[in-house]
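Engineer: Protein chains in written order, with numbering that gives the first Met the number 0: chain A, 0 to 377; chain U, 0 to 377.
All clues given are correct.
Straight-line distance between alpha carbons at most 30 Å, and here's what the computed DSS-like set of lysine-lysine pairs gives:
(1) A/Lys90 - U/Lys307
(2) U/Lys179 - U/Lys133
(3) U/Lys90 - A/Lys307
(4) U/Lys307 - U/Lys90
Since the hints were made in silico from the structure, they are not lab data. Keep in mind the model is a prediction, meaning the values are calculated, not measured.
Protein chains: 2
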Amino acid sequence: MDVGPVSTSFFELLATDGGGRAGIIHTPHGDLQTPLFAPVGTQATVKAITPEQLQQIGATLVLANAYHLYLRPGDERIAALGGLHEFMAWKGPILTDSGGFQVFSLTESRQVDSDGVTFRSHIDGSTHRLTPEKVIAIQENLGADIIMAFDECPEPLDRVYNEQAMIRTHNWAERCLAAKTRSDQVLFGIVQGGIFADLREQSASAIASMGFPGIAIGGLSVGESKQDMLAMLEIVGSVLPPDRPRYLMGVGFPQDLIEAVKRGIDMFDCVLPTRMARNHAALTRLGRLNMRNATFAEDVRPIDPDCKCYTCLTFTRAYLRHLIASGEMLAATLLTIHNLYTLVSLTADLRQAVIDGQLDQFSDQFLANDNKHRPPES
Amino acid sequence: MDVGPVSTSFFELLATDGGGRAGIIHTPHGDLQTPLFAPVGTQATVKAITPEQLQQIGATLVLANAYHLYLRPGDERIAALGGLHEFMAWKGPILTDSGGFQVFSLTESRQVDSDGVTFRSHIDGSTHRLTPEKVIAIQENLGADIIMAFDECPEPLDRVYNEQAMIRTHNWAERCLAAKTRSDQVLFGIVQGGIFADLREQSASAIASMGFPGIAIGGLSVGESKQDMLAMLEIVGSVLPPDRPRYLMGVGFPQDLIEAVKRGIDMFDCVLPTRMARNHAALTRLGRLNMRNATFAEDVRPIDPDCKCYTCLTFTRAYLRHLIASGEMLAATLLTIHNLYTLVSLTADLRQAVIDGQLDQFSDQFLANDNKHRPPES
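Throw the hints in and build the complete structure from the sequences for me.
Structural biologist: This is the structure in structure tokens:
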């Protein structure tokens, strides 16, 4: 369905279908068609593949991590080397995560106060301090197209902690906006609030009112139920203005992507497809396959006969199983290509379904086929 | 220099320059321009890169190993899956090594008799037996374009052992010829004889007289001096008929390639470039670079400013050093691409130098520049 002129200079909403949205994000390194899935390149590389392979997969936006790159090789060094695009040779748009999630994961080695967080490096134990201002400075050195506010990311189930963390996140969001100086970067705010409907509503209103051109939803897919996650997306979606892209952080299961797109999400990232690949699991539209399984030793089919990725167009399950049994690195590369292609092409198909007004049909059909792979594996 | 019609249906010698030769090898999977360097794909994969990347590097012939593939996944399984080309998705020519070198490397767990070798698998300790007939059957199952006779590969310095091994190698070579049944594969004989001039001469004469369409020189680059190696190449070269390609097994240092081409060698293989890449060493025409070195942390140059490989056209030394320091797999992939390109392009340049009658000039210039990289590393 055409929705008319709901747009900013950063984002255009082109069509909706039920709660689903199709749009375009404009960045200095090119346009992004949404919904989209962004592969994760934590340390300025999507693990096990080249930028050329990433482009062949059809990836458009790549995520890197400010926390990791601040510690190694250093954001100032990357700036001196020409910025992150030049450094990692990715010509397309890049998004940097602020490091909030990573710092708050260091539960044993960090101390939070209202001004920021002091923590010990996971690499060498050295002490560091991040504040909203520092996190913006780091991301300005890195030079991604989209940068993220510094947020406090609590466990989703503790209401008292979630309320405190939300208030701090709003305060830090204001400070990030004030600290930002580069005009060629867009800063996203992050909605928190755990699994508490009133907190999520309050957080979405607060973050939206600050004027961020894009809004992320943090603190989900970290242990809560699927039902809770989807309920939070519905509440947040009902509050957010339609002219800003909505980014659900850290979500990458195919079923979750579909349910989230139906609830208005435009952007996703997740380490799932790349991490699974290194653990020899293939992600398909029919479920997961453990490619180490001996049943594949003489299987001449590709991982997914309907998949158009390089791996599926070129290699058999038998060959992949041989590479895994032989401890060959190429297994991780070929499975990374396949798994990323599965999610990137799925979001492209979801976009087309929205444009065609077929989102519910696409979703019903997909979910009916899901897990068809399971029986032969057990 | 044009040499006129020195050719068989398998090999054409197009030009010579001093001892150097330029030719064409015809195979069912395409022509090979010689001299050439063949990347090693021991377990049916050139470690850390895809066949697509291998093709982009300019590689033409790929080596795989009969011993490894017999043990895992099994040569009969590969035959059932359509043969090695199909299995590993390499459309170009393939050569399989017979496994002689690997079996004889298992000094603690093999027993040789005049009929063959009994050994224990390096994977699971199971007992196996290889004979010349069995080795041909394995290689016929694998289906490479060029297959190798089963040889005994001794330490190069023990004369008594070398004489015995040579006699056995000649006997096994005859048996391999008799056992061969496929008309779409070409079988190479292997010259042995250690560092003993009279044994090498005797072996080259014996192997040449058996009518192999191509002849390999084994048992070199295994601990002897460079001087001894080159002396053996000169002796063997003086005996071999000019119309058969000459393959120096296991040699891959750039300087050795040049010296060997000047002495009539047409084909090379070596694990050096791929193994060095996984140990983070870059092979260049100016010497070796240890890319982990902290001096590269802010070096915006490519590994080799004159190199045209994907890695050098795309990435800085600083980025490669970051990948290595961060434990990222992509480092091995990018260095493998670079190191293989260095040797593949070097043999292509040597071929052109022969055709242009410039081999000595090329060699002098190359050797004068060699090791220029060394000082900044120390």
